[in-house]
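**Student:** Please arrange chain B on chain A, whose structure you already have, making use of the hints.
Number of protein chains: 2
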Amino acid sequence: MTIKDVAEYSGVSITTISRVLNNHPDVREEVRAKVLKAIEELHYVPNSSARDLSKTQTDTIGVVVRGAGNPFLNSVLRSIETAVRKANYSMVMCQIGSSEDEISEGASLVRSKRLKGLIFLGGRFDYTPEQIATLSVPFVCCTYTNSFGSLNRKAYSSVYIDDYAEAFRSVKTLTNLGHKKIAVLLGTTCDRSISELRFKGYCDALESEGISLDKNLIIEAKSFHIDDAFKAVENFLKKNKDFTAIFSIADAMGIAAIKALYNAGLKVPEDCSLISIDGIEVSKYTIPTLTTFVQPIEKMGRYAVEILLDVLNNNRGNCQLKVETLLREGGTLAKPKNLIFTP
Amino acid sequence: MTIKDVAEYSGVSITTISRVLNNHPDVREEVRAKVLKAIEELHYVPNSSARDLSKTQTDTIGVVVRGAGNPFLNSVLRSIETAVRKANYSMVMCQIGSSEDEISEGASLVRSKRLKGLIFLGGRFDYTPEQIATLSVPFVCCTYTNSFGSLNRKAYSSVYIDDYAEAFRSVKTLTNLGHKKIAVLLGTTCDRSISELRFKGYCDALESEGISLDKNLIIEAKSFHIDDAFKAVENFLKKNKDFTAIFSIADAMGIAAIKALYNAGLKVPEDCSLISIDGIEVSKYTIPTLTTFVQPIEKMGRYAVEILLDVLNNNRGNCQLKVETLLREGGTLAKPKNLIFTP
Chain A
1 MTIKDVAEYS GVSITTISRV LNNHPDVREE VRAKVLKAIE ELHYVPNSSA RDLSKTQTDT
61 IGVVVRGAGN PFLNSVLRSI ETAVRKANYS MVMCQIGSSE DEISEGASLV RSKRLKGLIF
121 LGGRFDYTPE QIATLSVPFV CCTYTNSFGS LNRKAYSSVY IDDYAEAFRS VKTLTNLGHK
181 KIAVLLGTTC DRSISELRFK GYCDALESEG ISLDKNLIIE AKSFHIDDAF KAVENFLKKN
241 KDFTAIFSIA DAMGIAAIKA LYNAGLKVPE DCSLISIDGI EVSKYTIPTL TTFVQPIEKM
301 GRYAVEILLD VLNNNRGNCQ LKVETLLREG GTLAKPKNLI FTP
Chain B
1 MTIKDVAEYS GVSITTISRV LNNHPDVREE VRAKVLKAIE ELHYVPNSSA RDLSKTQTDT
61 IGVVVRGAGN PFLNSVLRSI ETAVRKANYS MVMCQIGSSE DEISEGASLV RSKRLKGLIF
121 LGGRFDYTPE QIATLSVPFV CCTYTNSFGS LNRKAYSSVY IDDYAEAFRS VKTLTNLGHK
181 KIAVLLGTTC DRSISELRFK GYCDALESEG ISLDKNLIIE AKSFHIDDAF KAVENFLKKN
241 KDFTAIFSIA DAMGIAAIKA LYNAGLKVPE DCSLISIDGI EVSKYTIPTL TTFVQPIEKM
301 GRYAVEILLD VLNNNRGNCQ LKVETLLREG GTLAKPKNLI FTP
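Each protein sequence line maps, in turn, to chains A and B.
Note that this note's numbering gives residue 128 to position 128 of the first sequence, counting from 1, and the numbers run on in steps of one.
Note that this note's numbering gives residue 287 to position 287 of the second sequence, counting from 1, and the numbers run on in steps of one.
Bound conformation, chain A alone (with noise of 0.2 Å):
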């Protein structure tokens, strides 16, 4: 079964037919229909090998997920999956676990797959441009940016939250109800990441109301996973039920969190308000319902690819866009009853 064959089957030219092929935009809808239904019906599989030796650049774009598992990037990583194939691209994805170095990843996949472009879908937030100089082709950080880093801003895209503000948002959500003793469940309170800067968010949220840090109120788990936020909420309701309210950084772990609770006998939000960030599909259905600000998951994975597309195709140089997120109410907020339990 040659080309030839399917160009007499179908009655449409060889060139036609390799344009089909090489998903070139110049052929009509019609002929298109009818060259994919001859080789269907053929089942001709045409000599691919042979047709991505011949062009200079192939059409793939790396993601690598930092934080495997996690179900906010999962959510994320469906977008951009989504967003590639629609444009004609495909996909090369691998995932790291998160004390792993997705530069040296991107840049291997680079080298072993010629990649057009990358995405890193989480990372960190302080690359300096000696790291990133192993980078051969233009990269977005999608959900994070340089916060913390020394690139130039024409060095590196990236999408966004103002992790920052959003956490000051949800904890001011929490003392506008009147709560003062609101623990926080993070991961670290210093990982030049994530947690650290909605940390910094709580941390200023409190003070703006007067309000004093207390550190027997940080919830420090061992990673993002819920089993981990579930053990450190755990062992922490051992020692501390002087609070009434929680800001959980991220849904997975609000889940994790009301568990933990409702373990311990507290009910939420009776005993305890919870809100998180984040606003993974799941967490809609908790009982009761979490508020969460919700991010734009579906949009960040999509202009974190359009972006990439729009440098790739010297549209446009790198840029950095901040989006916002929506809060969505939920059941876990009410005004502090009592102190639960004064030891």
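FYI, nobody ran anything at the bench for these hints, they're computed from the structure.
Quantities reported herein were computed from a predicted structural model and do not represent experimental measurements.
Treat the hints with caution; some may be incorrect.
[Claimed, not checked] Heads up, simulated SDA-like pairs for lysine to any residue below, C-alpha to C-alpha not over 20 Å straight-line: (1) B:284 - A:289; (2) B:284 - A:225; (3) A:37 - A:15.
[What the hints assert, rightly or not] A short, non-exhaustive set of chain B residues, derived as facing chain A with CB atoms under 7 Å: (4) 68; (5) 81; (6) 92.
C-beta: ideal position from N, C-alpha, C; glycine also.
**Tutor:** What follows is chain B alone, placed relative to chain A:
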């Protein structure tokens, strides 16, 4: 910057550096580390296109995920990706909706990306030899098998659970507690796929107990998505409360059911028992914890990759591997109290 500079800087021969760049196994760890250090310090970016072009085969596996956004498949995907990376392959991924055709997507990926093999993560159970004729590489069906199809067993590999038997077992767990009015939450009863097989298990388990099928207790959701499952149970509860238990064919649907029951004033398990199949992470954190038959998620992804690599390396022929679930006892089961409500 050329490979010669790296050679001079590191004191390692060009041939050896080239071996390191091509992941050749025949290099001492110490030397490999030295070369990688030099590459990093010099910010050397090898001319990978040239290298890739000189290879006759790429080291890429394609994964087509059908039913994007399904948290169970996301977890399996993570395991697949880990195994692919460990084997020094890379992974091209695309996600399709549950109404799209994974075979044609896969065939097109193979064509455009010169793939060595394919993993279908979720897919149709009824392939015919004609349909798979467009696939020029070996493939593994992951999380399902050719139950409704006509493939020769030598033509494909699969890693799957026995949907029928696991559903039978789930429903028996409920009847053993004394439940007789058991609703089933699924997609459709005749999708020639998971829903149909698990529905058959449900029917036969009831029959084995002398319980006749009550069509009013079949809750059909528009899709497996948590939102659709929630709406389906919500509507169901408006018409029917004459049941004491629900068998949900998937965890995500079960999570939605707990919420819909709660909203309708029904407690799990006091008013309604619930059991499901999957074992996704978040189902540990529902209130109460979901009782579910846990699929060996990590293994299923890993086995799919290992089988595919074995087939690719001619170490074995195609095979169909059935794996077993394990009951995780949560808090969603109780003996039936009374009929909740008889109209």
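**Student:** Quick check on the hint: residue 92 (chain B) CB to chain A CB, less than 7 Å?
**Tutor:** With a closest approach of 5 Å, the residue 92 (chain B) hint holds.
**Student:** Under the criterion of a CB-CB separation shorter than 7 Å, is residue 68 (chain B) in contact with chain A as hinted?
**Tutor:** holds, 5 Å
**Student:** Assess, step by step, whether the Cα of residue 284 (chain B) is no farther than 20 Å from the Cα of residue 225 (chain A), and give holds or violated.
**Tutor:** holds, 13 Å
**Student:** Holds or violated: residue 284 (chain B) and residue 289 (chain A), Cα atoms, limit 20 Å.
**Tutor:** Within the cut-off at roughly 17 Å; holds.
**Student:** Going straight from one Cα to the other, do residue 37 (chain A) and residue 15 (chain A) come out at no more than 20 Å?
**Tutor:** Cα-Cα ~17 Å, so holds.
**Student:** Would you check whether residue 81 (chain B) satisfies its interface hint, that is, whether its CB is within less than 7 Å of any CB in chain A?
**Tutor:** holds, 5 Å
Checked against the numbered hints listed earlier, the structure breaks none of them; every hint is satisfied.
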